[in-house]
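Number of protein chains: 2
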Amino acid sequence: MNNPLFKLMTLEESLQVFRNSFDYKNYLALHQEKIELISASKRVLAEDIIAKENIPGFNRATVDGYALKAGDTFGASDGLPAYLEVIGEIRMSEIPSLLVCSGQTARISTGGMLPEGADAVVMLEYTEQIDETMIEANRPVALWENVLRADEDIKKGEILLKKGQLLRPQDIGLLAALGWGTVLVYKKPGVAIISTGDEIVPVHSQPKPGQVRDINLYALGASVEEIGAIPHYRDIIPDDELALEKELRKCIESDEIDMVLISGGSSVGSRDYTLKVLNHLGSPGVLVHGLALKPGKPTIISLNNQKPIIGLPGHPVSTLIVFESIVKKILSDLKGEILPLGLNRTVEALLENNIASEGGREEFIRVILKKKDGKFWAVPVLGKSGMISTLAKADGYIVIGLNQEGLYQGDLVTVYLF
Amino acid sequence: MNNPLFKLMTLEESLQVFRNSFDYKNYLALHQEKIELISASKRVLAEDIIAKENIPGFNRATVDGYALKAGDTFGASDGLPAYLEVIGEIRMSEIPSLLVCSGQTARISTGGMLPEGADAVVMLEYTEQIDETMIEANRPVALWENVLRADEDIKKGEILLKKGQLLRPQDIGLLAALGWGTVLVYKKPGVAIISTGDEIVPVHSQPKPGQVRDINLYALGASVEEIGAIPHYRDIIPDDELALEKELRKCIESDEIDMVLISGGSSVGSRDYTLKVLNHLGSPGVLVHGLALKPGKPTIISLNNQKPIIGLPGHPVSTLIVFESIVKKILSDLKGEILPLGLNRTVEALLENNIASEGGREEFIRVILKKKDGKFWAVPVLGKSGMISTLAKADGYIVIGLNQEGLYQGDLVTVYLF
Numbered sequence: 189m190n191n192p193l194f195k196l197m198t199l200e201e202s203l204q205v206f207r208n209s210f211d212y213k214n215y216l217a218l219h220q221e222k223i224e225l226i227s228a229s230k231r232v233l234a235e236d237i238i239a240k241e242n243i244p245g246f247n248r249a250t251v252d253g254y255a256l257k258a259g260d261t262f263g264a265s266d267g268l269p270a271y272l273e274v275i276g277e278i279r280m281s282e283i284p285s286l287l288v289c290s291g292q293t294a295r296i297s298t299g300g301m302l303p304e305g306a307d308a309v310v311m312l313e314y315t316e317q318i319d320e321t322m323i324e325a326n327r328p329v330a331l332w333e334n335v336l337r338a339d340e341d342i343k344k345g346e347i348l349l350k351k352g353q354l355l356r357p358q359d360i361g362l363l364a365a366l367g368w369g370t371v372l373v374y375k376k377p378g379v380a381i382i383s384t385g386d387e388i389v390p391v392h393s394q395p396k397p398g399q400v401r402d403i404n405l406y407a408l409g410a411s412v413e414e415i416g417a418i419p420h421y422r423d424i425i426p427d428d429e430l431a432l433e434k435e436l437r438k439c440i441e442s443d444e445i446d447m448v449l450i451s452g453g454s455s456v457g458s459r460d461y462t463l464k465v466l467n468h469l470g471s472p473g474v475l476v477h478g479l480a481l482k483p484g485k486p487t488i489i490s491l492n493n494q495k496p497i498i499g500l501p502g503h504p505v506s507t508l509i510v511f512e513s514i515v516k517k518i519l520s521d522l523k524g525e526i527l528p529l530g531l532n533r534t535v536e537a538l539l540e541n542n543i544a545s546e547g548g549r550e551e552f553i554r555v556i557l558k559k560k561d562g563k564f565w566a567v568p569v570l571g572k573s574g575m576i577s578t579l580a581k582a583d584g585y586i587v588i589g590l591n592q593e594g595l596y597q598g599d600l601v602t603v604y605l606f
Numbered sequence: 189m190n191n192p193l194f195k196l197m198t199l200e201e202s203l204q205v206f207r208n209s210f211d212y213k214n215y216l217a218l219h220q221e222k223i224e225l226i227s228a229s230k231r232v233l234a235e236d237i238i239a240k241e242n243i244p245g246f247n248r249a250t251v252d253g254y255a256l257k258a259g260d261t262f263g264a265s266d267g268l269p270a271y272l273e274v275i276g277e278i279r280m281s282e283i284p285s286l287l288v289c290s291g292q293t294a295r296i297s298t299g300g301m302l303p304e305g306a307d308a309v310v311m312l313e314y315t316e317q318i319d320e321t322m323i324e325a326n327r328p329v330a331l332w333e334n335v336l337r338a339d340e341d342i343k344k345g346e347i348l349l350k351k352g353q354l355l356r357p358q359d360i361g362l363l364a365a366l367g368w369g370t371v372l373v374y375k376k377p378g379v380a381i382i383s384t385g386d387e388i389v390p391v392h393s394q395p396k397p398g399q400v401r402d403i404n405l406y407a408l409g410a411s412v413e414e415i416g417a418i419p420h421y422r423d424i425i426p427d428d429e430l431a432l433e434k435e436l437r438k439c440i441e442s443d444e445i446d447m448v449l450i451s452g453g454s455s456v457g458s459r460d461y462t463l464k465v466l467n468h469l470g471s472p473g474v475l476v477h478g479l480a481l482k483p484g485k486p487t488i489i490s491l492n493n494q495k496p497i498i499g500l501p502g503h504p505v506s507t508l509i510v511f512e513s514i515v516k517k518i519l520s521d522l523k524g525e526i527l528p529l530g531l532n533r534t535v536e537a538l539l540e541n542n543i544a545s546e547g548g549r550e551e552f553i554r555v556i557l558k559k560k561d562g563k564f565w566a567v568p569v570l571g572k573s574g575m576i577s578t579l580a581k582a583d584g585y586i587v588i589g590l591n592q593e594g595l596y597q598g599d600l601v602t603v604y605l606f
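Residue numbers (our numbering), protein chains in the order written: chain A, 189 to 606; chain B, 189 to 606.
Be careful, since some hints might not be right.
Any copy will do: because identical chains look the same in the list, a pair fits if it lies in one copy or spans two.
Distance condition first, Cα-Cα at most 25 angstroms in a straight line; then the derived BS3-like pairs of lysine-lysine [unchecked claim]:
1. K350 - K517
2. K516 - K230
3. K351 - K375
4. K230 - K517
5. K222 - K351
6. K344 - K396
7. K230 - K375
8. K257 - K572
9. K581 - K350
10. K558 - K351
11. K559 - K350
12. K375 - K222
These aren't lab readings, by the way, just hints derived from the structure by calculation.
Isolated chain A (complex conformation) (with noise of 0.2 angstroms):
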């Protein structure tokens, strides 16, 4: 059992440290699964995708008009407009038998193919439809002017999408253009959520004087469904500590369960065998206990046969602050994915008021956007970490690094929005 001193850890080294003990490799080789396409939005790709073949796979016409050789109307005008022969009409999704000839043409609409010989399309609107075999072009096309070429979108052979990409809306059409009906893509991680403590009672019961409804369960649960993986809803368990380590040995044993939430344990000696406890269901054990963070000082980090188990702060504020500040993250890698530039939901702000910090710990504000003369105000959100009100007033936060002592009224801040 690793036992070492424990001190705050920064979320930086936290994370690293996690990471340095958790088989990445193996988790990710052992979660992945074949799903239909039609069901793969947000989904996280577990292989590479190369083009089978070319796409359009033809050259195609982006307008309607008429297929001709380009050639036949350089210099064309209004004053002398190219005239040619009208040899048939292109209809959509069929071969064309048709061959152009130089002063020949033929009728197509948008989407269709080229026939043989032609090598661009005028649009209708610059010619005249003389008789029935006859058009004039006014305007001169160049080569390949209006046509999507046979290759031109994808090439065969070429890397699309990445392992490790989140699909979005235009990444599943990208994979229906090619032909893939099924995906392979890592399996949702599925959270176990565990709240303790004997003062919380379950959402439905009228809480007596000294008892507090069970928030953590329904926020964190709501968390874990919005970053993509799968809530798992857990009884309440009280302060004890035979309940408590049978209740974390099913959700080790359980193969439906790859990460577990405990939030809550105030009691004074429940943290005490929360650690004892995580310490002895599987190595490595607890890696971290204590963040050098506010609001979430009291967290727990461990590994227990390979899953991660985090022990969250019992107060609501602090859990989801921890929640968006490190869990987010050791989820976002149980899901294969790798962020292509670290981007979050943020918006530019200035800051209304001074705020004072201690250093030494990174701290996270909440705060309110509002727009004046066009700008974003970021109005931080006063109040305890025990409030759940000020968290629902708020629209994100703005985070203290460790090494700031502070932020002044009209600072630019980054605001992440919840």
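Here the structure of chain A is known, so what remains is to put chain B in place on it, guided by the hints.
Leaving out everything else, chain B in the frame of chain A:
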């Protein structure tokens, strides 16, 4: 039947015309359901949430320490600590039977209920145990310090969440705190997705030259799902007036379908009969025919017996831009959603190249984001709008306004992320 002379409309005008014709009040009144809180994440509230009780409902300790009268600690310091008699310990989730008088104190844990007489908590760290019945406190505490007062988080009667609000994890947490085990939300709109065109073949088949796989069904389906609506995938309809009419009639009559998206109809005649069909399926018929938008001009917006039917261009890129620029807004209205600040996922970036634009229409330019010297740069993605690969390469888009004639290299632009 309404049949004005159609001219290109701006996005703003189109949305206005649609909103003037659609009976939102009746629609939203008929589209509500009561659901379990556990499945309410990302749903839209159909009722104001008014607190039925104070939260926490009792004076709650926010730290581990000793409950006492603040006055007893005034002036306390390391050199001159306050001596206090320990009269017991507050157990979690119990109403304390103790009465704390001046000179007395009781051990309390975070979340515990303050005993009668106590009006502050001194943190454990600032106390020292003398013997079993005596501690010293070496810091003063202010009145109600380290205490969350009974109505400090939420006051009975306060409006906490508003009708039309999208429920985020912390809102779900707030509802749990208040005992809302079920919640009234608007129904998810059902959206039928129909691809039309003789040249379109299902994703699993190998297209012959001149044919293309059904991209839009998948790309639109994923977009509809992402916005929180339910896609209904319909079969491909050939370029055939009667088949289109029959399919649309079914959609209009279905209770599950609240909106129809038709894409394609690329043959020359199909646009005409689509207009004809839409104009006799129910009043008022076609409202918008042609958008001042690039790409996306050949868009039709119709309303038939209060069902919005949108005709989208066949090109996947144009289709997704039309979805992004107008369908999303209409769907968001059908969801009952009132956006607080019109916030989208955006990033400010510097433009890498000059872009020319014609003016008189809005132009959506796809861009890739690059990070250079800590700044984001937006690099326009070139390529015709028939190319699905350009959209998969892009991270987002920028908009050139109606009256702008282009943008210059180095201009600060807002990138809307996909």
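Results for each hint:
In this assembly of identical chains, the alpha carbons of K350 and K517 lie at most 25 angstroms apart only when taken from the same copy (20 angstroms versus 31 angstroms across copies). When the C-alpha separation of K516 and K230 is checked against a cutoff of 25 angstroms, the pair qualifies both within a copy, at 15 angstroms, and between copies, at 18 angstroms. Within a single copy, K351 and K375 get their C-alpha atoms as close as 13 angstroms, which meets the 25 angstroms cut-off; across copies the closest is 35 angstroms, which misses it. Within a single copy, K230 and K517 get their C-alpha atoms as close as 16 angstroms, and across copies as close as 21 angstroms, so both meet the 25 angstroms cut-off.
In this assembly of identical chains, the alpha carbons of K222 and K351 lie at most 25 angstroms apart only when taken from the same copy (14 angstroms versus 40 angstroms across copies). With identical chains, the CA atoms of K344 and K396 are at most 25 angstroms apart between copies only, with a shortest distance of 16 angstroms across copies and 68 angstroms within one. Taking the shortest alpha-carbon separations for K230 and K375, both the intra-copy value of 12 angstroms and the inter-copy value of 22 angstroms come in at or below 25 angstroms. Taking the shortest Cα distances, K257 and K572 sit within 25 angstroms of each other only across copies (21 angstroms), while inside one copy they are farther apart (75 angstroms).
In the homo-oligomer, the alpha carbons of K581 and K350 lie at most 25 angstroms apart only across protomers (11 angstroms), although the nearest pairing inside one protomer, at 38 angstroms, exceeds that limit. Taking identical chains as interchangeable, the C-alpha atoms of K558 and K351 lie at most 25 angstroms apart only when they sit on different chains, with a minimum of 20 angstroms there against 39 angstroms within one chain. In the homo-oligomer, the alpha carbons of K559 and K350 lie at most 25 angstroms apart only across protomers (20 angstroms), although the nearest pairing inside one protomer, at 39 angstroms, exceeds that limit. For a Cα distance limit of 25 angstroms, the shortest separation of K375 from K222 inside one copy, 9 angstroms, qualifies, whereas the shortest one across copies, 31 angstroms, does not.
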